[in-house]
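As a plain string of letters, each chain reads:
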Amino acid sequence: MSEAKQEFLERSKEFWNPDKTQFWQDVGVDLVIDRREEYFLYDLDGRRLIDMHLNGGTYNLGHRNAELIEVLNAGAKHFDMGNHHFPALARTALAEALAACTPPNLKYTMYGAGGAEAIDIALKSARNATGKRKIVSIIKAYHGHTGLAVKTGDERFSARFLSEDTIGEFIQVPHNDLEQMEDALRERDVAAVIMETIPATYGFPMPREGYLPAVKALCEKYGALYIADEVQTGLMRTGTMWAITRYGVEPDMIVTGKGITGGLYPISCCVASEEAGQWLKQDGFAHISTAGGAELGCVVAMKVLEILQRPTILSTVNYIADYLRAGLNEIQALYPDFFIGIRQNGLVMGLEFNDPEGAKPVMRQLYEHGVWAIFSTLDPRVLQFKPGVLASQALCEELLGYVEVAIGLAQAEVFGARQRRAG
Amino acid sequence: MELDFQKVIDISDTPVARRAQVDAVLERARWASQAFQRYDRDMTLAIAEAVADTAYEKAAEYGEWAVRETGFGVAEHKTIKNQLTSRTLFEHYRDHDFVNPRIDRARKLVEIPRPAGVIFALAPSTNPIATVNFKVLAALLTRNAIVLSPHPAARECCTDAAHTLARAAEAAGAPSGAIQVVTDPSIPLIEAFMRSEKTNVILATGGNAMVRAAYSSSNPAIGVGPGNAPAFVDATADLRSAARHLIESKSFDNSVLCTNESMVITLAQVDADLRKALQQAGAHLCSEEETAALRGYLFHSRGFNVEAIGRDARWIAEQAGFRIKPKASVLVTPVTKIGVAEPLSKEKLCPVMGYYVARSVTQAITQARALLRMSGAGHTAVIHSRDAATAMDYAAAVESCRVVVNAPASQGASGFATHLPPTFTVGTGFFGRSAIGDNIGPKHLIQWTRLAYNKDEAEEMGDYSALGPRFSGPIPPAPADGVPGSAAAPNVTRLPRAATPVTAEERAMREDIRRIIVEELRAVLRK
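Top line first, the protein sequences correspond to chains U and A.
Note that my numbering has the first sequence beginning at 1, numbered continuously upward.
Note that my numbering has the second sequence beginning at 1001, numbered continuously upward.
These are computed hints drawn from the structure, not numbers from a lab.
Take these hints with a grain of salt, some might be off.
[Stated by the list, open to error] Short derived list, chain U residues pointing at chain A, Cβ under 7 Å:
(1) A66
(2) V71
(3) P207
(4) V299
(5) Y319
[Stated by the list, open to error] Partial chain U-side listing against chain A, Cβ under 10 Å, derived:
(6) A74
(7) M206
(8) L212
(9) L314
(10) L324
(11) R343
(12) L390
(13) A391
It should be emphasised that the depicted structure is a prediction, and the values quoted were computed from it without experimental measurement.
Note that the Cβ used here is the ideal one computed from N, Cα and C, for glycine as well.
Sequences and hints are given; from them, build the entire structure.
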């Protein structure tokens, strides 16, 4: 590590986040991201990394996508954030564009600045629309860190701040368990079920066939709304604009964030049905967000949607998904005892390893070989493996080469350690 | 209001947006080409055949459409060209192997075919569909992906044809995106495609400026320039046959093919008989006044009058101010000079053919060289003669990569009435500032990796007879966990043929079928 980087890390610990800064040094990832372009990150010391983390899909279209920069610059000659009280050109234009590319029942767009804020808006809207308070989510769910969103998730993120639910308004049920889902809804006192279509932070456990439509049916049966958190699964990452439609569900609300503005000017959106968004007719001033739907962000988001709807995209996404899967299958055949599972829907992939913390040594070995992919915080057996929708053939081929080597070394590390313990 | 908003953020006409558009298309093509390289020869042929069949079925429809859209040429003739560039072309190449390695035991070499990858192909307005068919089949036979860029004047028919062929290819199992088309071609966009490092080779057919731009792109390019074919009819020629070939070729598709004869050069001793034979074959021999009128109409200070391209003889005569008999299909304009002083010695993409009488064979050859110096170097020359020595002198002297003998040039140079490889892209070689002087075909879209053994006799060559690349076929679709019906088998309507060796009988039968088809088409051409 260079002296400059060392010094920087000290400052980071002093002024930014001592624990998090130290954590990465402890797990052997001494990354300080400097320059970035396409699907590459460059460390402060100059090393190039293929970004397979993409900040949960934020960089779905690559880092500093040239078209997005161009449109942001063009937009900045005319717009700023805008005034949240007034009808606004860019906000309305994006809302129209979203209405056109979401299921036909969805109509209004409500804006936030980040994903969690849009989740809070969705939960508040559901409470308003149903007149009920309870919210059902999945055990180990993750929907962000704001007031309501954090209560839907694992206590790992709420208890420290004394912000966990204490009055039984937030119920969590196991993923893929319809019985418990029905038990939670049976009393007809639930405003909404909120689910990531494929729970990312939990390592992308895949919904069983028929599970999501059945949850939606239960919602209808018991008068709850269905909120699809598509922050990580939307935006063509599964080969459709929104993963939820691929599972045959028309949700009452879709929440999108991260990738919707390509990491250049953050906004988030909750697209709601007439029913779910009814407060917008009752009292439009009831929820306010100054940075929510900042117009420059809207300008970028419209370009993101346009790029994602080009005729070449679907074919390319399929190629990336199929090619990587074929390559991963071959790698799995080499290390079947360690690399035990591949979870996949399109470019949403989780690689499962035969050790409670198995994804961590793989992450570290990948990092050594020039690939940045992160373990799943709430299930560290699983490595999140997330290529962008514009990944090139050459990049994917290069990537598989590193993955094969890294998994081999990680297996040796893990199994070697076990042998030593046994010895 | 909405319009204003869209305008503020419209970046579609920026280099950045063009680059992104180009990258998206070429990267998809790259994926397709890499997937294609997993295909074996049987699957490759099945795809090429399905596409050839579709192009053949659509030959008349697209022939008419091309004439309607561009105003150039004759629908029935375009139909024939579209047929020649579909099934005939496929039949010609059916037995060529561009997929498997070839072993040369004597020289201890093994050669493995390696496709170019992504081909960027321009299609001209004069031969739009034939060029599309030809380039697509050449690409498919060699397992390349192709991106077609039609001339804006033929954009609609080319785009539709490309989509039709792409659908046929994918239905037969081709990788998605193996055939793509630029639906909104513009000069900056085409230049961006040509300059992109994602393009492996450019197949440029079209105007000189575009061909030069292809060569200047920094990418490998196979460019072919204009023609301006001299047709020497010497004293030994069968004049009736020569006249028939000249008129048939010059009138074909109203002479939009760059292989058409531009100038007849003959000798004084057969001048009178040749004129008579030409008239009998359907020529209108222009008077001095008519020739002057045509010269004025066809050439102005800016060059050739594009209005006349691909128009019929009667229409052109009327524009020039005179009338001809209805059955005359070519206007023959006698000239006394060849060179810059005579505009009629330039390329004329319409049924107007110059006519020059030389005093000797030597002078005729000198004048033929002069004609190709005007334009069309490297492209095509013709001779009608029964004297091999004259043909040799002529061919060794003219700066042309091919000299068609006793055949119509338009079908002869392109290999449909000669044994040259069939093509719609005629290499003009070094004479024409091009990389390749052959008739362009599939073989130019692959290169070979060569395993070369030590010459030393002590070093024995391994046995490669059962070896080759692993042809694993299409990439299987990845499962989408939990999605109903995900990862179904790929939708291939035509199963790959079994890889059984072709028997001698089958080979003979195929040979017969091919011969019959070619004969039939040639008969049609001669009408």
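Okay, the hints, checked on the actual structure:
1. A66: holds (5 Å)
2. V71: holds (5 Å)
3. P207: holds (4 Å)
4. V299: The hint holds - V299(U) has a Cβ within 7 Å of chain A, the shortest such distance being about 5 Å.
5. Y319: holds (4 Å)
6. A74: holds (5 Å)
7. M206: Hint on M206(U): holds, closest Cβ of chain A at ~3 Å, below 10 Å.
8. L212: holds (8 Å)
9. L314: holds (9 Å)
10. L324: holds (8 Å)
11. R343: holds (6 Å)
12. L390: At 7 Å from the nearest chain A Cβ, L390(U) passes the 10 Å test, so the hint holds.
13. A391: Holds, because the Cβ-Cβ distance from A391(U) to chain A comes to roughly 9 Å (cut-off 10 Å).
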